[in-house]
Amino acid sequence: MLLELVVENYAVVERLRVHFHSGLNLLTGETGSGKSIVVDALGLLLGARASADMIRTGEPRARVAGIFDVHDHAAIRRLLEPAGLEIEDGELLIEREILAGGKSRAFVGSRPVAASLLKELAPFLADIHGQHDQQLLFSADAQRDLLDAFAAHGDLLDRVAALYQQWRSAAAELEELERTEQEKLRLLDLWSFQRKEIEGAGLDPGEEAALQNERRVLQNVQRLQESAATAYTAVYDGPESALSLTRTAAKRVDELCRIDSSLQGLREHLQAADLGLQEVSYALRDYLSRLEANPGRLEEIETRLAAIDRLKRKYGQSIAEILTFLEQVRCQIAAVEHAGERMDALRKEQARLAAEFETLAAGLTERRNSAARKLEKRVEAELAELAMERTVFRIEIARAAWSVSGTDRVDFLLSPNLGEEPRPLEKVASGGEISRFALALKACLTAPSSAHIRTLVFDEVDAGVGGSAAEGVGRRLKKLAASNQVLCVTHLPQIASFADHHYRVEKQESNGRTVAVVEELDAAARTREVGRMLSGQKLTPEALKNAERLIRMSVA
9 MLLELVVENY AVVERLRVHF HSGLNLLTGE TGSGKSIVVD ALGLLLGARA SADMIRTGEP
69 RARVAGIFDV HDHAAIRRLL EPAGLEIEDG ELLIEREILA GGKSRAFVGS RPVAASLLKE
129 LAPFLADIHG QHDQQLLFSA DAQRDLLDAF AAHGDLLDRV AALYQQWRSA AAELEELERT
189 EQEKLRLLDL WSFQRKEIEG AGLDPGEEAA LQNERRVLQN VQRLQESAAT AYTAVYDGPE
249 SALSLTRTAA KRVDELCRID SSLQGLREHL QAADLGLQEV SYALRDYLSR LEANPGRLEE
309 IETRLAAIDR LKRKYGQSIA EILTFLEQVR CQIAAVEHAG ERMDALRKEQ ARLAAEFETL
369 AAGLTERRNS AARKLEKRVE AELAELAMER TVFRIEIARA AWSVSGTDRV DFLLSPNLGE
429 EPRPLEKVAS GGEISRFALA LKACLTAPSS AHIRTLVFDE VDAGVGGSAA EGVGRRLKKL
489 AASNQVLCVT HLPQIASFAD HHYRVEKQES NGRTVAVVEE LDAAARTREV GRMLSGQKLT
549 PEALKNAERL IRMSVA
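Residue numbering for the sequence shown follows my numbering, beginning at 9 and increasing consecutively.
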């Protein structure tokens, strides 16, 4: 239940704070006074789209805040827990701030949250019904959704939707396979050739670098022989070789160590150097023994590297990329070779899913038909209280294309006049009849709850309504307010007379600017307001008497 609404710098509102109560809360005022601003502001708290145009001229931002009574509301608590939010003292503070750049910020309990959270909370806080919602009644999809809401078979709808999505997924995959099958068959010869060519080459990831190194050696055999021989002589062969000089130095150090043992470390270093030079000399000697010109082997290497280069130009910049390409080709060939098996499996899967979908959808149709008969009677009973006692309401359910909602098209048919066949709403109902029909439908879809009082908001529910019909609308709103908090904007005194709490919205001038204010009326002010609504600009004694009579009759 909405306890308090604060609006700052929004449209023509500078600042207002309104306290609402349980029961029927009615807002009245002259045309253009800004009555719908309260409803629009509440819509922002429920996640409606924000726009910089809403900000009062000359102000940097607009702000709307609302306090809701949500004592022991488990569903709201579950939505708040993931964000680390809690309900304090049974009340929930929701705020929305609109900045001049068009961006908006949302807060719950003074902590910033995503605006999407407000939309998730909205169904548990308030339900706003305006003229736009009446236009939606003309949509077959909206009518089907309303019937489903009345039937309360959400679990079955979810199962039907899931099966449909699975069936569509299988159908889409099958269509894609069938569409591309011929093209892939044409490509199969090319892929087979590519696989054979690459596999026939017997590539090894590291062979190119090894071949390139071997080629460099064979191309420079004489130079390598000369350099290796010179190095061998310098290290090992001759009186001036590094090994000979090292051994001479070692003898002198031995003599030193016999006198000074602290030089023992030098002896060890020279011994290590001797061993190292021997290993180098052995390696150079082995290398020289293996070095020989081999024109035949060089030609083989050139041929192999040329073959690798040809494959690189066609399939990748390296052997690793060529092998990756080969794996892709193998997968494509396997997919084509097994496409028939996959298509057969998909056809069987699609047929199975289709049969399950038809069975579930048939059950959904049966439930809709059963619910439709009940809703017809309920709506007709509600319409009778709204001075439409001869109206016939029928719900027609016809076969439609498969969708996530089943196989049904739902049409609401109405016959406001005796003897006429029921026809689609938009073809037979006047504006006032649509308004009353929408209220009757809302009454049937709103289940009373003793645990949590919801807020129902009606904007312009009296459009096109007058006379006894207006009184019927007032009585129905009053009945709704017995188990729900109802906020309603009205132009009609017959409806205003039923208020439990009456608010007047008017425009005033302040510092050369127009501002909208909202005032909760006491009994005397309420009578005057209803009288004004009866008489127009000039409040007459007769209008006051009629207003008193209307208010007395509303509680009778």
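Because the hints were derived from the structure by calculation, they are not lab data.
Just so you know, even glycine gets a beta-carbon here, dropped at the ideal spot from N, CA and C.
Treat the hints with caution; some may be incorrect.
Claimed, not checked - Cβ pair distances, simulated, as ranges:
(1) ASP163 x THR522: 26 to 36 Å
(2) ARG113 x ALA370: 46 to 56 Å
(3) GLN143 x ALA123: 52 to 62 Å
(4) ARG260 x GLY284: 16 to 26 Å
Outcome of the hint check:
no. : hint                        : result
1   : ASP163 x THR522: 26 to 36 Å : violated, 52 Å
2   : ARG113 x ALA370: 46 to 56 Å : holds, 48 Å
3   : GLN143 x ALA123: 52 to 62 Å : violated, 25 Å
4   : ARG260 x GLY284: 16 to 26 Å : holds, 19 Å
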